[in-house]
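Undergrad: First to last, the protein sequences are chains A and B. One point on numbering: in the working numbering, the residue at position 226 of the first sequence is 226, and numbering is uninterrupted. Throughout, the working numbering is defined as the position within the second sequence, counted from one, plus 407.
No wet-lab data here; the hints were simulated from the structure. Please note that the accuracy of each hint is not assured.
What the hints assert, rightly or not - In silico negatives: residues of chain A with every beta carbon more than 12 Å from chain B: (1) Ser5; (2) Asn96; (3) Gly123; (4) Ser132; (5) Asp153; (6) Ile158; (7) Leu164; (8) Phe172; (9) Ala204; (10) Val241; (11) Asn316; (12) Gly331.
Claimed, not checked - Pair by pair, the computed Cβ-Cβ distance ranges are: (13) A:Asp138 with B:Met797: 41 to 49 Å; (14) A:Arg200 with B:Asp736: 58 to 66 Å; (15) A:Arg388 with B:Met797: 36 to 44 Å; (16) B:Glu796 with A:Glu176: 27 to 35 Å.
Note that the Cβ used here is the ideal one computed from N, Cα and C, for glycine as well.
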Amino acid sequence: MTAISNSPGYNRLVLDKELKSFDGVLALLGADACTLNQTGKKLVAKSPLSPPEPVYAAGGLAYDSSTRETIIQAVMQENFNLANAGVDAGLSPEFNPWNLIMVGSLAGNSTGIAPAGAAIACGCWDDQHKKSWQVLSDCLNIPVYFWEIPRYDADSEIWALRFLKAELEQLFKWLECQTGQKVTRESLAEAIRQGNMIRRDLAAFDELLQSGNRLLGGLEYYMIQLISSDYLPGPGRLHEVYSRLIDEVRHRDQEKQVPPVSNKAKALRIYLMGDETQQFQLLNTIEDCGGQVVGADFRLALYYELISEEGPPLDNLARWIWKMPCNMPTGERIRATIPFIRRQKPDAVIINSTTGSRNLPGSERMVRDIIKQQMDIPVLSIETSLPRQDTEKTEYLVRAFIEMNSY
Amino acid sequence: MNDDNRSILLAGLPERVERDSARIAQARKEGRKVVGYFCPHVPEELIMAAGMIPVRLAQGGDMEAVSAGEDYLKADSCPYARSCLGFRKTGNPIYTGVDAVCVAYTCDSMRKNQEYWAEYLGVPSFPLGITQTHDRLRSKAQSLEYFKNELNLLASRLEGLSGQRVTGGKLKRAIELANRIRDRLWQMFEYPADRQTPIEWRDVFRIAQAGFTMDRQEYLDELILLGERLEKINKESLVPDKRPRLMICGSVIAQGDDKVLDIVEQAGGNIVADSVCTGSMFSRKRVTLFGLVGNPMDALAERYLYNIPCPFMTDLPKRLSRIVKIARDYNIDGIIYYSLKYCDTWRAEFKAVRDTAQKQLSIPTLLIEAEYSPADIGTIKTKVEAFIEMMEGR
């Protein structure tokens, strides 16, 4: 049993109880302050889509506060009032609930997890996250450092990479002050090597979902992806958990065991895109209606390819960060993502927008059009908010979409 | 201003659009290209030096344009961003009269604008990368170097469009013209610092906005004419204004977005200063060229990177101190904080501005969140009236 398994939100979810090694994911998802303190490392908050390697290279422990605080507080504990606390702290009520809950939770120290500092990546993808940390820097007595990823434009590669390397070098110095450990060429190379283990694992999960058999439930896959953004409580431990899961699922495949989530002979294979949803039950709904989640691009930016381990690690890291799909203009991002989507052999795509989110929803029309044009498969756009808010309409849409496209 | 001597700079928006769009259409017939831009981080000097006509696309307050923009951006993105796309669709002659747009990578919505203009409106759309974390105090040399390279890239893209080289000489001449405009405009923005002013801020604001689409030389000539007329007015003969002195800061106040300004005026408030990107910001800082040997691109990078206080950047303390300085210089009694609905970056800084104004200046700040629709006029009016009444009682 883990800390979250008694929570009201958890009890609403239908998980694959047969998948024994999934307990490891739940344990990591519910990692509490005590567990993190035991590592003896300084906790450094980070943005969901920035690589954790710099923090680990400095001997720290990366913490994706937006994802973790929200999953614990909103999804599991259903502590929705924290959104109001986020507004009290200074955010607009029109912000998306990931940021509202994170700010409300951290400002009130709701989880008891207190980062020693925050290294926030500013890029071309999320104003709200940046502003949330600007507000938090006023509420929390911790140092907040903004570092920057310049926009991707093939014509600006030379100076963009020069800029990014200078930014990373300054970030390393700042991290050294927080953790007391210098970032060296060796420590960065090691962090990259360990990060690549996680990337391989995530790619392996995607590969498992390419199978015609339903080997892994959509909700399990979603949770596996969500905890990947900070490698907590360290890449070695996370890799162990992932490896056990991969082995168990592969074993299922060999034994031709079908997980209990499936209920139809031929399910509609669905690829998820857009914003992460706080409505975890949506993943259950998709399967209840006869769909099968075969992939998602929520965290693809973190494992779209391995970071090269040949040559100077700083150069390799900078180049990899600059080319993360989330740093690209929408057209290029989707065109770069389509090969990954195709590999999952989807029959349809569902694009989620989170209420109040401005970035991905802002380009939703373009994403939809490019997918339809290049893949010729049906696309459904949905909008979700806090876990139990306005779920009926979404469920209805998803159900109708799957039924309509299953024949 | 006396109505009999009304400058063409103070003409209403429809009249200006008609006049300027006709001029633009004529110039295009003669083979000149017109380049639009939205945020003030794009140096108009570069467009001029490439032999093209710069126009700032900054109209708003039009529900038809907002709705048209929803074909691309969702209804919960800021109405200004939606309008930037919508005006092109509804056939606004200024927006349909551009051959290309330059879009600074500022907030999420403007970045999406760049993409939609290119992919859906079929207009060449040149992005301009601009750093968010630069800060003179932290002396990030890489930011200036990056931005200068981005300006060079933009220049080469503009050259490709116009077929004309951007030379140092052309750039210097364009900078000189823009600087002269800035100087003249700034003189006017300084008048309302005095209670006995020959021109009110609202009119200077209109004049600044008139410049967005006017021919630059003609605009300068008109500014000089008007300036001379204003200088002749004996300030001592003017009645000191007793109304509460307000500063407006926050989101972009586009041309045609008059709702809040009208309400404040009707409620008896007197806006005398601003910190909005369509107001005095353009004129606050010249492009400083050091003699004949100074590199004009260096000067542009320095001016446009460091002197546009937009909250997409992380340097909040600098923005706060600027607001405090303006409030002191203009002897402000209160701040109207204008946040367009769904403008995340400005809205998230309200609390910091309010607290700073209270702590350092002992003045109140009123948050007005508005869309372009008239539906919220009543609510805004009530809030503004109460705010002004409160200040009159202080």
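Undergrad: State for each hint whether it applies.
TA: Each hint tested on the structure:
Distance check on A:Ser5: its Cβ is at least 35 Å (rounded) from any Cβ of chain B, clearing the 12 Å threshold; non-interface status holds. Taking the minimum C-beta to C-beta distance to chain B, about 9 Å, the non-interface status of A:Asn96 is violated against the 12 Å cut. Listed as outside the interface, A:Gly123 is inconsistent with that label: its C-beta sits roughly 9 Å from the nearest C-beta of chain B, within the 12 Å cut-off. The claim that A:Ser132 lies off the interface is violated: its Cβ sits roughly 7 Å from the closest Cβ of chain B, which falls inside the 12 Å cut-off.
Not every CB of chain B is more than 12 Å from the CB of A:Asp153 (nearest about 7 Å), against its label as outside the interface. With 12 Å as the threshold on Cβ separation, the claim that A:Ile158 sits away from chain B is violated: the shortest Cβ distance comes to roughly 8 Å. For A:Leu164, the shortest C-beta to C-beta distance to chain B comes to about 9 Å, within the 12 Å cut-off, and the non-interface label is violated. No beta-carbon of chain B is positioned within 12 Å of the beta-carbon of A:Phe172; the least distance is around 14 Å.
With 12 Å as the threshold on Cβ separation, the claim that A:Ala204 sits away from chain B holds: the shortest Cβ distance comes to roughly 33 Å. Distance check on A:Val241: its Cβ is at least 34 Å (rounded) from any Cβ of chain B, clearing the 12 Å threshold; non-interface status holds. Every C-beta of chain B lies more than 12 Å from that of A:Asn316, the closest at about 19 Å, which supports listing it as non-interface. The non-interface label for A:Gly331 is inconsistent with chain B: the shortest C-beta to C-beta separation is roughly 6 Å, within 12 Å.
Separation of A:Asp138 from B:Met797 is about 26 Å and departs from the stated range, judged on CB atoms against 41 to 49 Å. For the hinted restraint 58 to 66 Å between A:Arg200 and B:Asp736, the CB-CB distance of approximately 60 Å keeps it satisfied. The hinted window of 36 to 44 Å between A:Arg388 and B:Met797 holds, with their beta carbons roughly 41 Å apart. Judged by the Cβ atoms, the range 27 to 35 Å given for B:Glu796 and A:Glu176 is violated: they are separated by roughly 55 Å.
Figure legend: structure checked against the earlier numbered hints; hints not met, in rising order: 2, 3, 4, 5, 6, 7, 12, 13 and 16.
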